[in-house]
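Colleague: One letter stands for each residue in the lines below.
10 protein chains.
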Amino acid sequence: MLYHVRMDVHVPRDMDPAEFDKLRVAEKARAEALQREGKWRHLWRIAGAYANYSVFDVADHDELHAILGTLPLFPFMDIAVTPLARHPSAIAT
Amino acid sequence: MLYHVRMDVHVPRDMDPAEFDKLRVAEKARAEALQREGKWRHLWRIAGAYANYSVFDVADHDELHAILGTLPLFPFMDIAVTPLARHPSAIAT
Amino acid sequence: MLYHVRMDVHVPRDMDPAEFDKLRVAEKARAEALQREGKWRHLWRIAGAYANYSVFDVADHDELHAILGTLPLFPFMDIAVTPLARHPSAIAT
Amino acid sequence: MLYHVRMDVHVPRDMDPAEFDKLRVAEKARAEALQREGKWRHLWRIAGAYANYSVFDVADHDELHAILGTLPLFPFMDIAVTPLARHPSAIAT
Amino acid sequence: MLYHVRMDVHVPRDMDPAEFDKLRVAEKARAEALQREGKWRHLWRIAGAYANYSVFDVADHDELHAILGTLPLFPFMDIAVTPLARHPSAIAT
Amino acid sequence: MLYHVRMDVHVPRDMDPAEFDKLRVAEKARAEALQREGKWRHLWRIAGAYANYSVFDVADHDELHAILGTLPLFPFMDIAVTPLARHPSAIAT
Amino acid sequence: MLYHVRMDVHVPRDMDPAEFDKLRVAEKARAEALQREGKWRHLWRIAGAYANYSVFDVADHDELHAILGTLPLFPFMDIAVTPLARHPSAIAT
Amino acid sequence: MLYHVRMDVHVPRDMDPAEFDKLRVAEKARAEALQREGKWRHLWRIAGAYANYSVFDVADHDELHAILGTLPLFPFMDIAVTPLARHPSAIAT
Amino acid sequence: MLYHVRMDVHVPRDMDPAEFDKLRVAEKARAEALQREGKWRHLWRIAGAYANYSVFDVADHDELHAILGTLPLFPFMDIAVTPLARHPSAIAT
Amino acid sequence: MLYHVRMDVHVPRDMDPAEFDKLRVAEKARAEALQREGKWRHLWRIAGAYANYSVFDVADHDELHAILGTLPLFPFMDIAVTPLARHPSAIAT
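Residue numbers (the UniProt record's numbering), protein chains in the order written: chain A, 1 to 93; chain B, 1 to 93; chain C, 1 to 93; chain D, 1 to 93; chain E, 1 to 93; chain F, 1 to 93; chain G, 1 to 93; chain H, 1 to 93; chain I, 1 to 93; chain J, 1 to 93.
Simulated from the structure, these hints should not be mistaken for lab results.
Here the structure is a predicted model, which means the values were calculated and not measured.
C-beta atoms are modelled at their ideal positions from N, C-alpha and C, and glycine is treated no differently.
Mixed in with the good hints, there may be bad ones.
What the hints assert, rightly or not - Pair ranges (Cβ atoms, derived):
| no. | chain 1 | residue 1 | chain 2 | residue 2 | range |
| --- | --- | --- | --- | --- | --- |
| 1 | G | Pro12 | J | Pro72 | 45 to 53 angstroms |
| 2 | G | Ala66 | I | Thr70 | 37 to 45 angstroms |
| 3 | E | Pro12 | G | Arg24 | 19 to 27 angstroms |
| 4 | C | Thr70 | G | Asp57 | 56 to 64 angstroms |
To be verified - Capping the alpha-carbon separation at 27 angstroms, the derived lysine-lysine pairs in DSS-like fashion look like this:
| no. | chain 1 | residue 1 | chain 2 | residue 2 |
| --- | --- | --- | --- | --- |
| 5 | A | Lys39 | A | Lys22 |
| 6 | I | Lys39 | G | Lys39 |
| 7 | D | Lys39 | C | Lys39 |
| 8 | E | Lys28 | E | Lys39 |
| 9 | J | Lys39 | H | Lys39 |
| 10 | F | Lys39 | E | Lys39 |
| 11 | B | Lys39 | A | Lys39 |
Hey, can you work out the whole structure from these sequences and the hints?
Modeller: What follows is the structure in structure tokens.
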């Protein structure tokens, strides 16, 4: 099932830059792995913001919640989830 | 270039149902044609709402505006456009 | 899967009362049937408003969207959908 | 009487993780006890957020306020309360 | 139990003034009766607006909802309900 | 003259608990004194929140501002003031 | 006592222009009279909008409400009222 | 002096299309004349919306208000005005 | 030219009280000087808030921005500026 | 392609003033360079705020995002991006 997700990252100003870089590297590795597994179907940067629009393809709400909760940057994110149904005008792809 | 677009359709209650059905059929045909041309890359229904999240792939802002403005249901839509940049963690697909 | 749904009904003032009553009766019958089928698990009135909080238990986003879209009062509703995951502190019931 | 409650937890970034874990364990124990007593009737995780939708069944506003105020995570929560009336289309369960 | 209620009245511009005056007279009579019964404890006009802040003292959510729903102007109102608990610094009166 | 006031208290997390308790005790004493003087006519806890709805009865805006500004918890409050006029349907009490 | 008031006028599109012009003329006469009486102390147009910021100087909330309610354009206005206290840095004028 | 202006046009659905086209033609002629006079310095379409961002260069607030108020589509517009000061990092052009 | 300005002051809790008092004294002196010069025409306290409504009378946007930017409390303020045009119903004063 | 950008700068209060001045000087140099290159076409100060309205002229979303992300004050900014299409009433300039 597909979920539309918006993530906004808020970097605490007093965070150690080296520590944050480590999180960022781990986040990137995790995001790439989830994309290769086919669970994180789309990942786009919102121009001008430290934020993304994503589409996830997972079994159910619990899997989505589990995946989001284990992202290295999860504690610094605001996340909005929207369930996506099939659109009657969407062509098969 | 990619654009994230949210469209919310507001059907005027006093509209002639037959007239509206005609618009809906025309909208569907137009949406399918734009998908086949590769300009309307994704089209998802927001569950529970007469609304969609879409991704367009067009040459520039002017082409996006022209395409949206000629949708049969355009006069009944609220539209929000977000430019999408490449995400550094997105894998090539 | 569980979905939290809020529905706000907006009755058009110029609607024929008899026509609206018919819709209301049909809505009630449909709501009761869906509850008996186990798909509409909870239905509560928000005190002071023509609105409800509900919980649906359906197979997936498409089934939820299909069910909501066929409610007799759907054209007069604002609907907000939230996917519900299992809470780690919820006890089995 | 039933109350719909939304709780959003905001973890202070500079909090000692061990101290917070202790609060979390205490919160879980308290939530489970209140569920067993029948006062916390439903508890669902909002997918993608450190937040829940809950339904409480208590004697009155004062009991609700007292219960919420003694939750171990109360100082870190935003809470929204909505009184729930019986819905005329709800079937007896 | 006490409930804080805000009511905003929206008069449809195309309504027959005589019909609306009749509703207003009926509303006034109903409000006065409910005050005399002790159910509508306070009723204040919000300066500059066709709106009021009120406090109701009723048995439970269902009675509140029933009372509000039968106000003659109910179909023209936006209503917000807040449950009021006892304040630890309030003196007995 | 009557004023409707909503106060939301925000306790700074890094505040010394003993210092805050002292403020709370002082606030309670001040609130009780103002109630006995008849200036703070009503004081209700908003269920589930560290907030209250109040009604003040003072000579004018300046007295209201002076009273609010000297509350011990004033520096930690968000305050919204609404002037209350007599409602034509309110019965004398 | 001074009150800060913002008024936004919404002209119904289907109103008879001659009828509305009559209201506007009456509104202007009333506004000028109230200014001459010293009750409507300031009246400024918000640039680009059919709206104004005003300051009223009246005896109390009831007089303010009565004055606003009898303005010819009152039924077409959204009105926001803010009580103004003396500012400690304001010089006598 | 420069003013940043956002205009959102709301076309009433029941308006006669021929009448609206006449307004649109008049609006275009007026916009072009004001641009040639140097008063309407910039005019951009907001992609996907019947709205524009503009910059006006006029003598003062009164001239801005007069110009906006005489636009043929003014009665159908929501307008937001922001005064623009010189930016210390702007280079002379 | 006239500008309507709302200023909300946010005092950082961890600020040295003596340092803040110095700023407040300086702010008061500056406000009084600007009022005597005729540039800060009105200054009212918003009842119940550390905020004011003001009207400035200055040559242009640049002078307004310069004046506001040099207020001692400027770094702690949220400021909203609205250009005021002459109102056709305002009487000469 | 043109993009309308609003930037709001939030200066952390506990930042070292000398460090911030260095960032400001660097920001100014970068802004001037980008203006000379023709990429940052307009830069206006919003009167009364530490904020600007800007128009960028760049190749695509990726270039815009890259430019904004490398501004020295980027970590302290809220940024809103709007794609600008050609307006049919804009005259060639």
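Colleague: Give a verdict on every hint.
Modeller: Evaluated hints:
1. G:Pro12 with J:Pro72: 45 to 53 angstroms: holds, 51 angstroms
2. G:Ala66 with I:Thr70: 37 to 45 angstroms: holds, 43 angstroms
3. E:Pro12 with G:Arg24: 19 to 27 angstroms: Given range 19 to 27 angstroms: holds, Cβ gap about 22 angstroms.
4. C:Thr70 with G:Asp57: 56 to 64 angstroms: Holds, since Thr70 of chain C and Asp57 of chain G (Cβ atoms, about 59 angstroms apart) stay within the stated range.
5. A:Lys39 with A:Lys22: holds, 23 angstroms
6. I:Lys39 with G:Lys39: holds, 24 angstroms
7. D:Lys39 with C:Lys39: This hinted pair holds, its Cα atoms lying about 24 angstroms apart.
8. E:Lys28 with E:Lys39: holds, 15 angstroms
9. J:Lys39 with H:Lys39: holds, 24 angstroms
10. F:Lys39 with E:Lys39: Measuring from Cα to Cα gives roughly 24 angstroms; hence the hint holds.
11. B:Lys39 with A:Lys39: holds, 24 angstroms
Going down the numbered hints, you'll see the structure goes against none, and every one checks out.
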